[in-house]
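One line per chain: the protein sequences are C and G, in this order. Numbering follows the working numbering, in which position 78 of the first sequence is assigned residue number 78; successive positions increment by one, without gaps. Numbering follows the working numbering, in which position 25 of the second sequence is assigned residue number 471; successive positions increment by one, without gaps.
Just so you know, not all the hints are guaranteed correct.
[As the list claims (entries may be wrong)] The calculated lysine-lysine pairs, modelled on BS3-like cross-linking and capped at a C-alpha distance of 27 Å, are:
{"hint": "1", "chain 1": "C", "residue 1": "Lys-104", "chain 2": "G", "residue 2": "Lys-449"}
{"hint": "2", "chain 1": "G", "residue 1": "Lys-531", "chain 2": "C", "residue 2": "Lys-75"}
{"hint": "3", "chain 1": "G", "residue 1": "Lys-531", "chain 2": "C", "residue 2": "Lys-48"}
{"hint": "4", "chain 1": "G", "residue 1": "Lys-495", "chain 2": "C", "residue 2": "Lys-48"}
{"hint": "5", "chain 1": "G", "residue 1": "Lys-475", "chain 2": "C", "residue 2": "Lys-48"}
{"hint": "6", "chain 1": "G", "residue 1": "Lys-449", "chain 2": "C", "residue 2": "Lys-59"}
{"hint": "7", "chain 1": "G", "residue 1": "Lys-449", "chain 2": "C", "residue 2": "Lys-37"}
Simulated from the structure, these hints should not be mistaken for laboratory data. Given the structure is predicted, the values throughout are model-derived calculations rather than measurements.
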Amino acid sequence: MKNAVSGLGLAPDAAMVTFPIELFLPGSDIASVRARKREFYDGLTRWKSEFAGAAPGEKPLLSVEAASHEEALFKANNLLLTSLWGDGLPLWPATRTRVDWILKGSVLPRTHVLGKFPPRGGVTTIETCAIALAMAGGRPEYLPVLVAAVDACLDTESGFDQLQATSGGPFPAVIVNGPIRKQIRLNSGFGCLGPDPQHPAGASIGRALRLLQQNVGGALPGTGTMAIFGAMRYTNAVFGEDEDGLPPGWLPHAAERHGFASGSDSISLVFASGVTNIRRRGAKKETPEEDILNGLHRMADFMRTPNLAALAGYEKGTPGIMMIPPVVAQTMAGLGWTKPSVREFLWEHSRIPLEQMRRAGAPAWIEIDANPVTRASIDLDPWPICTKPDNIVFLVAGGSHPTHSQWLQAHSPRVTGRMITLPESFDRLLADADRDLGCGDDVCLV
Amino acid sequence: MVKIEFHDPSGRLEVTTPHAPRLASLEGKRIGFVSNEQWQAYRMLPLLKETLEADFPAIEVLPVDAFPQGNALIPTEETAALVEKSGVDAVIVGNAA
Chain C
1 MKNAVSGLGL APDAAMVTFP IELFLPGSDI ASVRARKREF YDGLTRWKSE
51 FAGAAPGEKP LLSVEAASHE EALFKANNLL LTSLWGDGLP LWPATRTRVD
101 WILKGSVLPR THVLGKFPPR GGVTTIETCA IALAMAGGRP EYLPVLVAAV
151 DACLDTESGF DQLQATSGGP FPAVIVNGPI RKQIRLNSGF GCLGPDPQHP
201 AGASIGRALR LLQQNVGGAL PGTGTMAIFG AMRYTNAVFG EDEDGLPPGW
251 LPHAAERHGF ASGSDSISLV FASGVTNIRR RGAKKETPEE DILNGLHRMA
301 DFMRTPNLAA LAGYEKGTPG IMMIPPVVAQ TMAGLGWTKP SVREFLWEHS
351 RIPLEQMRRA GAPAWIEIDA NPVTRASIDL DPWPICTKPD NIVFLVAGGS
401 HPTHSQWLQA HSPRVTGRMI TLPESFDRLL ADADRDLGCG DDVCLV
Chain G
447 MVKIEFHDPS GRLEVTTPHA PRLASLEGKR IGFVSNEQWQ AYRMLPLLKE
497 TLEADFPAIE VLPVDAFPQG NALIPTEETA ALVEKSGVDA VIVGNAA
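Using the sequences and the hints given, assemble the complete structure.
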C-alpha cells in the first residue's frame with residue numbers, strides 16, 4: 001500500500017520502509033530488516049514529505065489534439081490509460097458537455113461533497129461521480145443510483161477503507177429496489193449480473209463505481225489494492241431485485257433489511273468476494289416438495305464452508321447473498337415457504353461441524369477477531385456462519401428458470417442501505433432515454 | 447485539428463493534518479511500536495527493537511506489545527490516547543503488506 005495515509009488527511013507520501021512479500025512469509029529470512037536499518041532511522045529523523053499540496057480551485061481540464069476526431073479519441077484513451085485512470089476498456093473522455101449532461105440526474109449541486117474516497121482520500125463530489133459515470137458510458141438517469149451507492153460506500157461503518165485495500169478483493173454488490181430499477185433499465189432478470197444491451201444501466205453504474213474506487217480511492221492493483229485476483233472488478237455487480245417476481249407476502253429486500261417502504265427507491269450495498277452457481281433443480285422424478293427441499297439443502301451445502309473473510313460481518317453484516325429465480329420463489333411460496341423461513345433453513349443447515357473448522361485451521365481466525373461476539377462463537381458446535389438467520393441476504397432475481405441459484409459469498413462488515421433521491425426532471429430524463437434507446441417498457445423488450 | 451478537453455477524474459487531495467515533525471536524533475529518545483501483529487511482526491519488530499537498542503545506547507524502545515495490537519485495535523482513539531499518554535517521542539507502525 002503506498003497511498004493509505006492521504007485518506008487520513010495526511011500528505012500522500014509517508015516515511016515507509018518497504019520489503020518484498022517474501023520477507024513477510026512464515027519462516028522468512030528477516031536479516032534485511034537489520035541491513036536496511038538506516039532507512040528506519042532516517043524515517044524517524046530526516047524524512048520530509050515531498051507533496052507540494054494540491055492547487056486550489058478546479059483542476060485544469062486535460063487536452064488532446066489530433067487531425068481527426070477518431071485520432072483524438074484514441075489519444076484521449078491513451079492519456080487516460082497512461083495516467084492510470086483506465087480499466088482497459090474504451091472510455092468516454094469526460095468532456096464538460098458530457099459531464100454537464102450527466103449532472104442533470106442530480107438534485108444536489110455539483111460541488112456537494114460526499115466524502116473522501118478511501119484509502120487515497122480523493123475528495124468525492126457529485127461532479128466526481130458524474131465524471132466517472134461519463135467515462136463509463138453512463139446516462140443522467142443512472143446518477144441517482146451511483147450517488148446513493150457511493151454514499152453507502154463512504155459510510156464509516158461500511159469498513160470500506162479496508163475492503164478497498166484487502167488482498168481478498170471484495171467488490172461492491174449494489175442491490176436496487178423500487179420502480180427506478182425498471183425505469184432506468186437495470187436488469188433483475190436473465191443475466192442480471194452480466195452485460196445486457198436492453199438493460200445497460202448496471203454495467204455503466206458499476207463500472208463508474210469501480211473507476212471511482214481506482215482513480216479517486218487509489219485502488220490500483222498491486223499498490224493501492226492488494227486484491228490478489230480482483231474478480232468482478234470491471235463493473236462490480238449492480239442489479240435489481242425482481243419485485244414483480246416476489247410471491248404475495250414476500251417483502252422486497254430493502255423493506256426487510258433496511259425498513260424502507262415497499263415501492264420506494266433504494267440501494268443496498270454488500271461487499272461480495274465471489275459468485276458461485278448452484279445447480280438447484282433435481283434431475284429425475286420428484287415432487288415439488290422434494291424439488292424445493294433438495295434445492296435448499298444444496299444451497300446450504302454451498303454455504304457451509306469456513307469463509308473466514310465473512311467473519312468481518314459475523315454479527316452485523318452478512319455471510320453472503322443467496323439469489324433464487326422468481327419461478328422458484330413462486331413454488332416455494334406455494335408450499336408455504338417465506339423469505340424468513342428460507343433464511344432460517346439456510347442458517348440452520350449451513351452450520352459447520354467444529355471438527356471441519358479445526359481441520360481447516362479456522363478457529364485461529366475466530367480467536368483473533370476484534371469482535372467479542374465473533375470470538376465467543378468458537379464455543380458453538382456446529383458453528384453458525386453468522387449470528388442469526390436474518391443476516392443472510394436472500395433475494396429473488398435472475399431469469400425465470402428453475403435450475404440454478406446463485407451464492408455471492410461476502411466480506412461485508414455491514415449491509416448499508418440508502419434511499420435514492422431523484423431530480424424533479426427525472427421523467428424528462430426517462431423520456432430522453434426512450435428517445436435514445438427505444439422503448440424500455442416490458443412490452444417492448446425482446 | 448480536433449481538440450478534446452476533458453476532466454481529470456482523480457479528485458482533489460486535501461491535506462488537513464501535517465505529518466509529525468521528525469526527531470533531531472534517536473539518542474536518548476523513547477520509541478514505541480504500533481503493530482497489527484501480522485506478517486511476521488512478531489519477529490521483525492523485536493529485531494528492529496534490538497537493532498535500535500544496539501545502535502543507540504541511551505534509547506528506550508518499548509516492548510512490541512506495549513500498545514493494543516491488531517488491525518481492528520490500532521486505529522482507535524483509545525490506542526492513540528494510550529500512545530500519547532506513554533510519552534513516546536515517536537512510533538513505528540507495522541506490519542503492513
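Legend entry - Violated hints - listed by number, lowest first: 2 and 7
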